[in-house]
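Going line by line, the protein sequences match chains A and B.
Each residue of the first sequence is one higher than the last, beginning at 1 in full-length UniProt numbering.
Each residue of the second sequence is one higher than the last, beginning at 1 in full-length UniProt numbering.
Hints may contain errors.
In this list, chains with the same sequence are indistinguishable; a pair is considered to hold if it fits within one copy or across any two.
[Claimed, not checked] Result set (DSSO-like, lysine-lysine): computed pairs, CA atoms no more than 30 angstroms apart in a straight line:
hint	residue 1	residue 2
1	LYS36	LYS207
2	LYS299	LYS232
3	LYS375	LYS207
4	LYS232	LYS331
5	LYS299	LYS36
6	LYS201	LYS36
7	LYS207	LYS74
8	LYS74	LYS212
Don't read these hints as lab results, they were simulated from the structure.
This one's a predicted model, so the numbers in the text were calculated from it and none came from an experiment.
Number of protein chains: 2
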Amino acid sequence: MGPGPSDVNPRVLAAMARPTIGHLDPEFITMMDEVKAMLKAVLKTNNELTMPVSAPGSAGMEACFVNLVEPGDKVIVCQNGVFGGRMRENVERFGGIAIMVEDEWGTAIDLAKVEAAFAANPDAKILAFVHAETSTGVRSDAQALCKIAQANNALSIVDAVTSMGGIELDVDGWGIDALYSGTQKCLSCPPGISPVTFSAKAVEVVKARKSKVPSWFLDTNLVMGYWGGSGKRAYHHTAPVNALYALHESLVMLLEEGLENAWARHNLHHQALKAGLEAMGLELLVDEADRLPQLNSVKIPEGVDDAALRSALLDNYSLEIGAGLGALAGKVWRIGLMGAGCTRRNVMLCLDALENTMRAQGVQVNAGAADAAAKVYQG
Amino acid sequence: MGPGPSDVNPRVLAAMARPTIGHLDPEFITMMDEVKAMLKAVLKTNNELTMPVSAPGSAGMEACFVNLVEPGDKVIVCQNGVFGGRMRENVERFGGIAIMVEDEWGTAIDLAKVEAAFAANPDAKILAFVHAETSTGVRSDAQALCKIAQANNALSIVDAVTSMGGIELDVDGWGIDALYSGTQKCLSCPPGISPVTFSAKAVEVVKARKSKVPSWFLDTNLVMGYWGGSGKRAYHHTAPVNALYALHESLVMLLEEGLENAWARHNLHHQALKAGLEAMGLELLVDEADRLPQLNSVKIPEGVDDAALRSALLDNYSLEIGAGLGALAGKVWRIGLMGAGCTRRNVMLCLDALENTMRAQGVQVNAGAADAAAKVYQG
Numbered sequence: 001m002g003p004g005p006s007d008v009n010p011r012v013l014a015a016m017a018r019p020t021i022g023h024l025d026p027e028f029i030t031m032m033d034e035v036k037a038m039l040k041a042v043l044k045t046n047n048e049l050t051m052p053v054s055a056p057g058s059a060g061m062e063a064c065f066v067n068l069v070e071p072g073d074k075v076i077v078c079q080n081g082v083f084g085g086r087m088r089e090n091v092e093r094f095g096g097i098a099i100m101v102e103d104e105w106g107t108a109i110d111l112a113k114v115e116a117a118f119a120a121n122p123d124a125k126i127l128a129f130v131h132a133e134t135s136t137g138v139r140s141d142a143q144a145l146c147k148i149a150q151a152n153n154a155l156s157i158v159d160a161v162t163s164m165g166g167i168e169l170d171v172d173g174w175g176i177d178a179l180y181s182g183t184q185k186c187l188s189c190p191p192g193i194s195p196v197t198f199s200a201k202a203v204e205v206v207k208a209r210k211s212k213v214p215s216w217f218l219d220t221n222l223v224m225g226y227w228g229g230s231g232k233r234a235y236h237h238t239a240p241v242n243a244l245y246a247l248h249e250s251l252v253m254l255l256e257e258g259l260e261n262a263w264a265r266h267n268l269h270h271q272a273l274k275a276g277l278e279a280m281g282l283e284l285l286v287d288e289a290d291r292l293p294q295l296n297s298v299k300i301p302e303g304v305d306d307a308a309l310r311s312a313l314l315d316n317y318s319l320e321i322g323a324g325l326g327a328l329a330g331k332v333w334r335i336g337l338m339g340a341g342c343t344r345r346n347v348m349l350c351l352d353a354l355e356n357t358m359r360a361q362g363v364q365v366n367a368g369a370a371d372a373a374a375k376v377y378q379g
Numbered sequence: 001m002g003p004g005p006s007d008v009n010p011r012v013l014a015a016m017a018r019p020t021i022g023h024l025d026p027e028f029i030t031m032m033d034e035v036k037a038m039l040k041a042v043l044k045t046n047n048e049l050t051m052p053v054s055a056p057g058s059a060g061m062e063a064c065f066v067n068l069v070e071p072g073d074k075v076i077v078c079q080n081g082v083f084g085g086r087m088r089e090n091v092e093r094f095g096g097i098a099i100m101v102e103d104e105w106g107t108a109i110d111l112a113k114v115e116a117a118f119a120a121n122p123d124a125k126i127l128a129f130v131h132a133e134t135s136t137g138v139r140s141d142a143q144a145l146c147k148i149a150q151a152n153n154a155l156s157i158v159d160a161v162t163s164m165g166g167i168e169l170d171v172d173g174w175g176i177d178a179l180y181s182g183t184q185k186c187l188s189c190p191p192g193i194s195p196v197t198f199s200a201k202a203v204e205v206v207k208a209r210k211s212k213v214p215s216w217f218l219d220t221n222l223v224m225g226y227w228g229g230s231g232k233r234a235y236h237h238t239a240p241v242n243a244l245y246a247l248h249e250s251l252v253m254l255l256e257e258g259l260e261n262a263w264a265r266h267n268l269h270h271q272a273l274k275a276g277l278e279a280m281g282l283e284l285l286v287d288e289a290d291r292l293p294q295l296n297s298v299k300i301p302e303g304v305d306d307a308a309l310r311s312a313l314l315d316n317y318s319l320e321i322g323a324g325l326g327a328l329a330g331k332v333w334r335i336g337l338m339g340a341g342c343t344r345r346n347v348m349l350c351l352d353a354l355e356n357t358m359r360a361q362g363v364q365v366n367a368g369a370a371d372a373a374a375k376v377y378q379g
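Given only the sequences and the hints, what does the whole structure look like? Please build it.
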């Protein structure tokens, strides 16, 4: 129940352990087509350039920036947590100019500030932001942000690492131009793969580059020879065969459940967890309207020894919860309810473990957490 | 029995299917230390910067070039197959100047040409070459090439994707400065991870860069915060937890067998395969002195329908062999004897399958292949 990797369903682990076959084997090519089709369904897009990058989410981020940013390009980057800062690093390392729009950690991106940044920089080429900030548990309004980008004739790059599969995400409906995600959050697949998608407009921008993409491994022009279209596949790199078996199975499971049902499940268990935490006297960091159900930032109460508590949860309950990052280190816990880990069993375990461990540290905790959570489940 | 991914031992697949735990979990950190120690043993190096890049070999290649090449740097690149060409792409995409030393595909790198390239370019900063060319089955003299680099005050970058675990490789003894490999060849681990190592001299060069590394994901300065030294690990990216379980198990198995024993096993089965192929009347592409035991390029005889034969092997024997690449497409097969796939059983299967399938195509094939191979095993 940390910020990811989340628990992996045994079906996905079993798929991953199937015998490795060749990355150009006809059976594998068929599976690649299925992975692409399922990624499109989960991301709600018809983008032809939709595929899993053969590396973790950070490489998916880099795939978006390295292909779309050329030296001198202005990119408006929203930062309201750790990952906006990483976006800035990407922009600058590829020769772009990052125009930062900063919001306090734990709050959503302020649309008015983004409008103002475009007003001051009408030549900005790209707007980049994080849909679901894993470092704080905040959801920003991706649809509204993409609309602002479109109104200003800019492309949008969206970090959907933690949102995909956990909350609503609609690539074509919202007009997202480039998006990267991760397998180890709400898809509940082992980490190591990053689904990405590029709109036709974004593909045109990549094709019209004045300079070569400063990466051979992530150049979409090359990778699409292997993942693109139908028919003959050209060798680019050796795909991580078993990791893709796992991704395939996790997408099958998500579509069996149904996207909307998965989003509803994340919300239900979040409501139960929240009710239990509040019954104990704990507070959530993020305003209710902007909360992610899959990542709950909880303020650490007075008198708690943070590191000792997290160690005790791991040792006594085999339960991982996340520490605060950056400005929030020592101030919050980050409790994940992601994918296969988003269950009633985990909610009740977490409430019980927190209650008992805080009491063992001599901290005053109100009773009634389990009852409050159970009431949510009774509806 | 293609050019990789090779067959994966069930022990490694079972390790990969263990439950996913956190990438900062104390148990996982302990395993990371073991992976590093075993990589050092297998590569015969004390380099502190020795770690698995969280992506396939192509990303390991990019990790070496993106960190060491700055705009304007001259890099002498040896090309005697596909992967030298990919090195050139890397050099040029990072602003370097590639000075190409070309040898015919299927032959080893000519040391005299490399000496001449340094004589003409005494300011070359790096010599880059492929130790074991997977596209042709050629071994070049890595020790002699590194000596030439040292004599010219240049760093060496070595592609050891197919050599690691299959033939002698001695990073410290040969004075290699930067090396990348892959998991899916003679380590017989699923594809997706690339072991790399950088000498102290190479690390100094990275630290003294005038420009930032044009990749956030592959910047060794950052990655080492997670993989480096002992003690506290800083979050960089989410490591591919299950893929590292698999790498750990494959390294345990290789060290159980013993490096020298593994090299001898690769040579033994290569000799048996060769004896069988020659008994059939087939010819190997590469001169005996330069042959890789783990990748056998076999000239396709007159009258054989290459694609139909490879399909028939796959359909009738569940046997994959590799097609020729680039200039060798349609002219050779590439038969892998790598790691867990390098067994007597596979040698005999391959000889039998080739003999019968060629005969079914109406091609004249001499009898006695199985006997000739068995004779090698009898010693």
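To see whether the hints hold, each was checked on the structure:
In this assembly of identical chains, the alpha carbons of LYS36 and LYS207 lie at most 30 angstroms apart only when taken from the same copy (21 angstroms versus 40 angstroms across copies). Taking the shortest alpha-carbon separations for LYS299 and LYS232, only the inter-copy value of 24 angstroms comes in at or below 30 angstroms, while the best intra-copy value is 54 angstroms. In this assembly of identical chains, LYS375 and LYS207 lie within 30 angstroms of each other by CA distance neither inside one copy nor across copies; the values are 55 angstroms within and 58 angstroms between. With identical chains, the CA atoms of LYS232 and LYS331 are at most 30 angstroms apart between copies only, with a shortest distance of 20 angstroms across copies and 53 angstroms within one.
Taking the shortest alpha-carbon separations for LYS299 and LYS36, neither the intra-copy value of 40 angstroms nor the inter-copy value of 37 angstroms comes in at or below 30 angstroms. Taking CA atoms no more than 30 angstroms apart as the test, LYS201 paired with LYS36 passes inside one copy only; the shortest distance there is 19 angstroms, against 43 angstroms between copies. Within a single copy, LYS207 and LYS74 get their C-alpha atoms as close as 19 angstroms, and across copies as close as 28 angstroms, so both meet the 30 angstroms cut-off. Proximity of LYS74 and LYS212 under a CA criterion of 30 angstroms is satisfied in both settings, with 18 angstroms inside one chain copy and 19 angstroms between copies.
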